[in-house]
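Chemist: The chain contents come next:
2 protein chains.
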Amino acid sequence: MTKPLILVTNDDGIVAPGIRALVEVAAELGEIVIVAPDAPQSGKGHAITIHDPLRLNKVQVFPGIEAYECSGTPVDCVKLAKHVVLKGRTIDLCVSGINHGSNASINIIYSGTLSAAMEASLEDIPSIGFSLLDFSFEADFEPAKVWIKKIMQYALNNPFPHGNLLNVNIPKLPLDQIKGFRMSRQAEARWIENFVEGRDPSGQPYYWLSGEFINQDHAEDTDVWALEHGYISVVPSMHDLTNYKALEAMRDIDHL
Amino acid sequence: MTKPLILVTNDDGIVAPGIRALVEVAAELGEIVIVAPDAPQSGKGHAITIHDPLRLNKVQVFPGIEAYECSGTPVDCVKLAKHVVLKGRTIDLCVSGINHGSNASINIIYSGTLSAAMEASLEDIPSIGFSLLDFSFEADFEPAKVWIKKIMQYALNNPFPHGNLLNVNIPKLPLDQIKGFRMSRQAEARWIENFVEGRDPSGQPYYWLSGEFINQDHAEDTDVWALEHGYISVVPSMHDLTNYKALEAMRDIDHL
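If you're matching them up, the sequences are chains Z and C in order. Sequential numbering from -3 applies to the first sequence in my numbering. Sequential numbering from -3 applies to the second sequence in my numbering.
Hints may contain errors.
Since the list gives no way to pick out one identical chain from another, each pair is judged satisfied if it fits inside one copy or across any two copies.
Below, in silico cross-link-like pairs of lysine-lysine (DSS-like), each with a Cα-Cα straight-line distance of 30 Å or less [said to hold, decoys possible]:
1) Lys175 / Lys141
2) Lys241 / Lys141
3) Lys54 / Lys145
4) Lys54 / Lys241
5) Lys145 / Lys83
6) Lys175 / Lys54
7) Lys145 / Lys168
8) Lys146 / Lys241
9) Lys175 / Lys145
10) Lys168 / Lys54
11) Lys175 / Lys241
12) Lys141 / Lys168
13) Lys(-1) / Lys146
14) Lys175 / Lys83
Everything labelled a hint here was simulated from the structure, so no lab data went into it.
Using the sequences and the hints given, assemble the complete structure.
Modeler: In structure tokens, the structure reads:
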């Protein structure tokens, strides 16, 4: 039997410890190809590069594994992987991460890691974004790796239909304290911004984004609840932003 | 009665003809403040600027109207407008656009114009993204302006709840050929990429994103159908990316 072909990407850049951990897991399950940003691309959301050319360099980062660094966004990486690097080949699974920090709840919409996974799903590639709730570059990925392997194996055995992806967040806990996983919906949380204002060396004002994550949605079926209670959260996600409830309520508007 | 406070932004940059047309309409309906990118930011999706400071300069682009150019993404513009420029004031409506080109269907996810509107909706500001199906900087915005005024008036009189926005696309037609508007869902269309490969002056390879918009979802309740049949499409949209159908189907997975 041929090994499944697994595309690995991320948004923290090709040399981040998180992608290294993910590569170690993925390499046990299939043939892997890496196309990842050449520099950190956190918070890039679903950005694509339209007005500039993209660079793609074959690099030797992981012994024996085909890897490319790309000058673009995480979404650009997936597009280039599909249409240039792996042109004509069927990609069985795309995994993105392991992100350094949470992508639960509303974070999915700002996250390059999850946008890369979503782009793969739009390309008919089953995909999963993985995030560990630890921003540190010295984070311990070992407990996460155990669960990521199980989830990847499940996904390889049970491919999801077009336009679907999984948003997987893993609590910062030792392996024996992770209680398992919970299928969840994204919590209705949000960021409250607080720009730090300052002056640059030439005296000009600047504003630097800061903020606090506020969750007021404490229902047990949410990803935030799962994470706060020692579970891995698994949110099936997709690209359709239609608000069907509002559409139903507004469908009868026939004049303005 | 005090005039409503309307925030105007876009992704084509503060000097694009589209935002000028939108400002002309908005100025008839309320007090307006403009915070828009200092350069084109198309395709930036929901990107935010985390690792760099942002610049915000008060500029005189529209006589008598408070306006700021921002060095960041469209989403950054909305955050700065809310938390710095208009700190403490209630914004009654945010309008983004008029985008030069369609943001129907899957385009919403790549669009800086719509991401700005979505960010406003996350900040509890009723918001609307407007797009005209004409990429030209010489586009005729006059027919669009007539309908945009009606839609803005409707939104000011009927504010939507938290987390909602409208994605409005306007066909490239003379006023008397626009049949009206249709409340729609986003069509299940997608882009098929085709990178243009070349060599730069120093002989290094580059890849430049190109692509074709493919729609295989021809249902009458979609935005693409509306636009193809001479209607303005109005899609109530939101930020929740949970795939509830898939969640229902996967809820019983209890082991991996």
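Chemist: At most 30 Å between C-alpha atoms: does Lys241 with Lys141 qualify within a copy, between copies, both, or neither?
Modeler: between (38 Å within a copy, 28 Å between copies)
Chemist: When no copy is named, should Lys168 and Lys54 be tagged within, between, both, or neither for a Cα gap of at most 30 Å?
Modeler: neither (33 Å within a copy, 44 Å between copies)
Chemist: Within, between, both or neither: how does the pair Lys175, Lys141 come out at a Cα-Cα threshold of 30 Å?
Modeler: Cα proximity of Lys175 and Lys141: one copy only (15 Å, versus 56 Å across).
Chemist: Checking Lys145 and Lys168: alpha-carbon separation at most 30 Å within a copy, between copies, both or neither?
Modeler: Answer is within: at 17 Å inside a copy they meet the 30 Å cutoff, but 50 Å across does not.
Chemist: Which holds for Lys175 with Lys83 at a C-alpha limit of 30 Å: within a copy, between copies, both or neither?
Modeler: neither (40 Å within a copy, 43 Å between copies)
Chemist: When Cα atoms must be at most 30 Å apart, do Lys54 and Lys145 count as within-copy, between-copy, both, or neither?
Modeler: within (26 Å within a copy, 52 Å between copies)
Chemist: For Lys141 vs Lys168, is the C-alpha pair at or below 30 Å within one copy, between two copies, both, or neither?
Modeler: For Lys141 and Lys168, only the intra-copy Cα distance (12 Å) is at most 30 Å; the inter-copy one is 52 Å.
Chemist: One pair to classify: Lys175 and Lys54, alpha carbons no more than 30 Å apart. Within, between, both, or neither?
Modeler: Neither, since 40 Å and 53 Å both go past 30 Å.
Chemist: With 30 Å as the alpha-carbon cut-off, assign the pair Lys146 and Lys241 to within, between, both or neither.
Modeler: Result: close only across copies, 23 Å inter versus 35 Å intra.
Chemist: For Lys175 vs Lys145, is the C-alpha pair at or below 30 Å within one copy, between two copies, both, or neither?
Modeler: Answer is within; shortest intra-copy Cα gap is 16 Å, inter-copy 54 Å.
Chemist: Under a CA distance limit of 30 Å, which applies to Lys54 and Lys241: within one copy, between copies, both, or neither?
Modeler: The answer is neither: 47 Å in one copy and 40 Å across copies each exceed 30 Å.
Chemist: Using 30 Å as the alpha-carbon threshold, which applies to Lys175 and Lys241: within, between, both, or neither?
Modeler: Answer is between; shortest inter-copy Cα gap is 25 Å, intra-copy 34 Å.
When held up to the earlier numbered hints, the structure conflicts with 4, 6, 10 and 14 and fits the remainder.
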